[in-house]
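Since each chain sits alone in its own frame, please combine them into the complex, following the hints.
Chains B and V supply the protein sequences, listed in that same order. Quick note on numbering: numbering that gives the first Met the number 0 labels position 140 of the first sequence as 139, and the sequence is numbered without any gaps. Quick note on numbering: numbering that gives the first Met the number 0 labels position 159 of the second sequence as 158, and the sequence is numbered without any gaps.
The hints are simulated quantities; they were obtained by calculation from the structure and are not laboratory data. Careful, some of the hints might be misleading.
Claimed, not checked - Here's a subset of chain B near chain V, in silico, CB distances under 10 Å, partners left out:
hint: 1; residue: N129
hint: 2; residue: A133
hint: 3; residue: D139
hint: 4; residue: P140
hint: 5; residue: G232
Said to hold, decoys possible - Examples of chain V residues lying across from chain B (beta carbon under 7 Å, computed):
hint: 6; residue: N128
hint: 7; residue: H129
hint: 8; residue: S132
hint: 9; residue: I135
hint: 10; residue: M148
hint: 11; residue: P149
hint: 12; residue: Q177
hint: 13; residue: F180
Unchecked claim - Taking CB as the label site, the calculated pair distances span:
hint: 14; chain 1: B; residue 1: K99; chain 2: V; residue 2: K166; range: 23 to 33 Å
hint: 15; chain 1: B; residue 1: N53; chain 2: V; residue 2: D158; range: 28 to 38 Å
hint: 16; chain 1: V; residue 1: D153; chain 2: B; residue 2: E207; range: 27 to 37 Å
hint: 17; chain 1: V; residue 1: P149; chain 2: B; residue 2: H203; range: 30 to 40 Å
hint: 18; chain 1: B; residue 1: D106; chain 2: V; residue 2: A261; range: 45 to 55 Å
hint: 19; chain 1: B; residue 1: S68; chain 2: V; residue 2: V249; range: 26 to 36 Å
No residue lacks a Cβ here, since even glycine has one placed at the ideal position from N, Cα and C.
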Amino acid sequence: MKKYLDVACVALMCGFVFTGCTKKDPPETTDPTGNGSVKIEFTNKVGSSKLSMNDTWYVNDHGDSFKVSKFNYYISNVKLIKTAGTYTENESYHLIQQEKASSLAFDLADVPYGKYTGITMTIGVDSLRNVSGAQTGALDPANGMFWTWSTGYIMLKLEGTSPKSPSGSISFHAGGYAGANATQRTVTLSFPAEITVAKDGVNHVHVEADVLKLFKSPNQYDFANTYNISTAGAAAKGFADNYANMLSVTYAGL
Amino acid sequence: MKKVTVLIVVAVLSCMVWLEGCKKDQIDPRSWRPVSFEVPKGWPQPAYTFANNPLTFDGFELGRKLFYDMRLSRDNTVSCGSCHQQVASFAHFDHDISHGIENRLGTRNSPMLANMAWNTSFFWDGGVNHLESQPIAPIQNHLEMDMTMPEVIDRLNADADYRSRFKKVFGIDTANSQRVFRSMAQFMAAMVSSNSKYDKYAANPGAGYFSEQEVRGLTLFRQHCASCHKEPLFSDFSFRNNGLLPKPGVNDSGRAHITGLAEDRYKFKVPSLRNIAVTRPYMHDGRVATLADVVEHYRSGVAAMATTDALVAGGVVMTENEKRDIISFLETLTDSTFITNPLFAEPAK
Numbered sequence: 000m001k002k003y004l005d006v007a008c009v010a011l012m013c014g015f016v017f018t019g020c021t022k023k024d025p026p027e028t029t030d031p032t033g034n035g036s037v038k039i040e041f042t043n044k045v046g047s048s049k050l051s052m053n054d055t056w057y058v059n060d061h062g063d064s065f066k067v068s069k070f071n072y073y074i075s076n077v078k079l080i081k082t083a084g085t086y087t088e089n090e091s092y093h094l095i096q097q098e099k100a101s102s103l104a105f106d107l108a109d110v111p112y113g114k115y116t117g118i119t120m121t122i123g124v125d126s127l128r129n130v131s132g133a134q135t136g137a138l139d140p141a142n143g144m145f146w147t148w149s150t151g152y153i154m155l156k157l158e159g160t161s162p163k164s165p166s167g168s169i170s171f172h173a174g175g176y177a178g179a180n181a182t183q184r185t186v187t188l189s190f191p192a193e194i195t196v197a198k199d200g201v202n203h204v205h206v207e208a209d210v211l212k213l214f215k216s217p218n219q220y221d222f223a224n225t226y227n228i229s230t231a232g233a234a235a236k237g238f239a240d241n242y243a244n245m246l247s248v249t250y251a252g253l
Numbered sequence: 000m001k002k003v004t005v006l007i008v009v010a011v012l013s014c015m016v017w018l019e020g021c022k023k024d025q026i027d028p029r030s031w032r033p034v035s036f037e038v039p040k041g042w043p044q045p046a047y048t049f050a051n052n053p054l055t056f057d058g059f060e061l062g063r064k065l066f067y068d069m070r071l072s073r074d075n076t077v078s079c080g081s082c083h084q085q086v087a088s089f090a091h092f093d094h095d096i097s098h099g100i101e102n103r104l105g106t107r108n109s110p111m112l113a114n115m116a117w118n119t120s121f122f123w124d125g126g127v128n129h130l131e132s133q134p135i136a137p138i139q140n141h142l143e144m145d146m147t148m149p150e151v152i153d154r155l156n157a158d159a160d161y162r163s164r165f166k167k168v169f170g171i172d173t174a175n176s177q178r179v180f181r182s183m184a185q186f187m188a189a190m191v192s193s194n195s196k197y198d199k200y201a202a203n204p205g206a207g208y209f210s211e212q213e214v215r216g217l218t219l220f221r222q223h224c225a226s227c228h229k230e231p232l233f234s235d236f237s238f239r240n241n242g243l244l245p246k247p248g249v250n251d252s253g254r255a256h257i258t259g260l261a262e263d264r265y266k267f268k269v270p271s272l273r274n275i276a277v278t279r280p281y282m283h284d285g286r287v288a289t290l291a292d293v294v295e296h297y298r299s300g301v302a303a304m305a306t307t308d309a310l311v312a313g314g315v316v317m318t319e320n321e322k323r324d325i326i327s328f329l330e331t332l333t334d335s336t337f338i339t340n341p342l343f344a345e346p347a348k
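This is chain V alone, in the form it adopts within the complex (with noise of 0.2 Å):
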């Protein structure tokens, strides 16, 4: 098992304040602190590595602030966690699709956030390839905080707060793009949800955590849905026609939006389904309202387009038995320790 701790951060840093200065013992109480980023047990190495960017707890802890700052937003009413909630694991609860500021009302369905090192690519179209590089779109998109980065770097560089944290993560008192970013990438980065009684089940099957549905609608998950929503992040991070037919009036293409080929119309990225019992609504624009709903889809509504998937296409043929089972199963995907976990929450002002 691949660890990374902040351990590792504080010895690298102990060192170099000690090749700095030539003396020992010279080691930053304040690195000390409980956040840290492990690779679960028998999981692929994730995407975002850290790389120029080490995990420290101020690192975090300024990332955290930024993501719950509204100041971020031209009027100062959104936030990061305006549209991305705890308690439904960092997606918006209970809103098809988010609004923006003054209500201004978005197409797509806020994707929660749990995992985020080990996507490959950011949005329901992929169009963002890097988690750094993640949190300017939606700063700068008209619909949801219409802001610029010049004044969001002239705001943080007003506030003495601020200023004070970007000297303690980055050696230097002044906020710019790259620290906001690298900041705030340590802290989604950091978001990892490994401990749903999935998990446990997972890890020692032998053990009883899954009742006697559960492990029949983990059988029947694994032969209908675990080719696209792979374990155990829940997605192959690929983009798949699922045959929603596009909504009049939104004609949301897609993954084409930023490929511009056609054989990518109407296909979105493959959702982790961790937490799934938490993120209702569903689907890339929310228009499916339970969990019941999505897997009807499967079995009954996949439209025949011409880039339909074709482990979907003509539909999932299952009982209704069997989609309780499914069901059964998809909730053991709740990590509840993820969702009330304190380190990810608002910070108090």
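Pulled out of the complex, with its shape left as it was, chain B reads as follows (with noise of 0.2 Å):
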């Protein structure tokens, strides 16, 4: 082992001179290849309206009256379409979560240069983190995102209160990662117009969460019979075919 070491020493020491050799040869201003900053910024909306916790009385599609005090999910895995291939970002795990407006928006920090037509983004967290062990950052359990019971991210979660449910009050926590009943989501949308990330500028890309399409299709929730989710199963997946279609992409650009 320690021989392939020392010849990784020497390659590395080499790498350094080598790169010492090039830096003085291409003007940066022409460069064409390096790397610029995409930042996505996320609202939470209740149809046309913009999330507003505690306080506030919704409707939702079957005409229940409802108010919300909680709305956290996850975002992962997120790639920039390009024309010719895609940008992956790395360790790419982020928590969306309304009362904390710190976390509703992060940077795509190295995208290198080009034109970049739409966005894909898994709304969970991928199987493999849900079997890999102790995770931190976006994924430290103590984000309470986390079922201790029956290992697992919960995907999705949003809590609150209406009048139409037999306890008062609702919660619907999506979790589970693998089968039939699997709740993180992948979804693509495409970008309202084109965006160049280049040398000058950060490209802004806001999307958007309607609540409203949480509860609506293919699954219409009435909240006298469907209140409370709170273990993988057939109700949590059918309640993430329904988040499936809750993000949109209103705007992209400088």
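Below, the structure is given as structure tokens:
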């Protein structure tokens, strides 16, 4: 093993030498191969209004009034679609929490210069990270988006109240990462207009999540009957089929 | 024989140090300590491989301190070691079910902890899928330690000794849940029990380690029990209904609680039988007091349910003498070096 490391060390040193040699060559202003930054910004909405928690009554597709007290979801494995190829964010796990303004946006910092036409992302967490032991950052189970008794992430969580609910409250926790009832959903959305990542300027992508879509289609929710989901299974799967439709991109550009 | 010793860890670490500083001979002397993980001869490869979490003495020691620390419970009265006692091979000695904080009672028997690295799932219902994801369950369970991970992290970060230990193990002097769970996984995975009389016999059957009765017991065991309690770990880690009727008022559905499937109702994980003579009482809810009662259950007590396992349905035919032979064999699974090893004991305060 040590021999390999010797070789590796020498190779690394050579790498440094080469880097030193090539540095002076290309003038930076004309370099077409650098990386730029793209800011992804989330806005949670209820229909056409911005989501306001705890103080505003909304009405679902079935006609049931409800208030929202918590709305959290994972966005993972973010990719930008290029005219040719894709950019894939490294270690791409983000927890969007309505109650925490700083969680509503994140930067893709190392996007290669070029033209991009859309975005792919997963609502939830891929199955691999659900079976890989202790995680950190957005995936830290201390964030409260993790089932301890039946290992796995809560992909999306919405809590609130509704007079239609027999318990007075509504609580939808979607989890389950394997098999037919998996609840992670990958969506691809086109930008309204192509963006160009280049040396100057930061592109912004506005993503909206519509809470009404959670209760609408393909499964319309009557809160008198469906007001609590807290385990993996067919109900959580149906809920995931609904939230697969919740995202849209409303703007992309400088 | 595959041997993953701390020496390899030391070699890797020392190479890393050398690469970083481009200097040789910088070996951290703390790492030359007697903790190792070995796959015993003839055993399968473990499920837990220390990937991203190399075993070190300091990591093991930090995990041990956490395992025995009552501050992991909300009111500082319960540690992992409260219900997992070394004398009972880390089961809860003489308790059918365990009491959490404020004497809150759960519904299941504390399983013994040995050879955890080979387990493919954890808890009687197998709800937890990874050794590092196991500790958070009892820590946050309302009936057990009733704690939150953010509060655990705050308590640990307020303690200078913990901070210096995290620094030693992870290079940073603060706790987070990943570092807590990885150090605890180092401690738990290193708890290997492979030194029973049975192991000596299996390695050298002609050397006279077993009495005639124990040999007869092993033969009967292989005939009647070993399909599920598979050697050398004495479990196949599957979920089965062994014919115990659900307790009225508890009605624990077992594996079905996790899968939601009717076909999994009343199935529980097949427990390892290593150290079985010291882990009483038995079964998922501790309802069976003695080894003799356990064997008798399989002879005469298996209830017919929709999901009762075909291998035990109708009971296993055996004579009183055969029953005694099986029990004498089961007693050879006790590994006294494991249950007295000071490395696994509660550290001195």
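Hint by hint, which ones does the structure fall short of?
Violated hints: none at all, because every hint is consistent with the structure.
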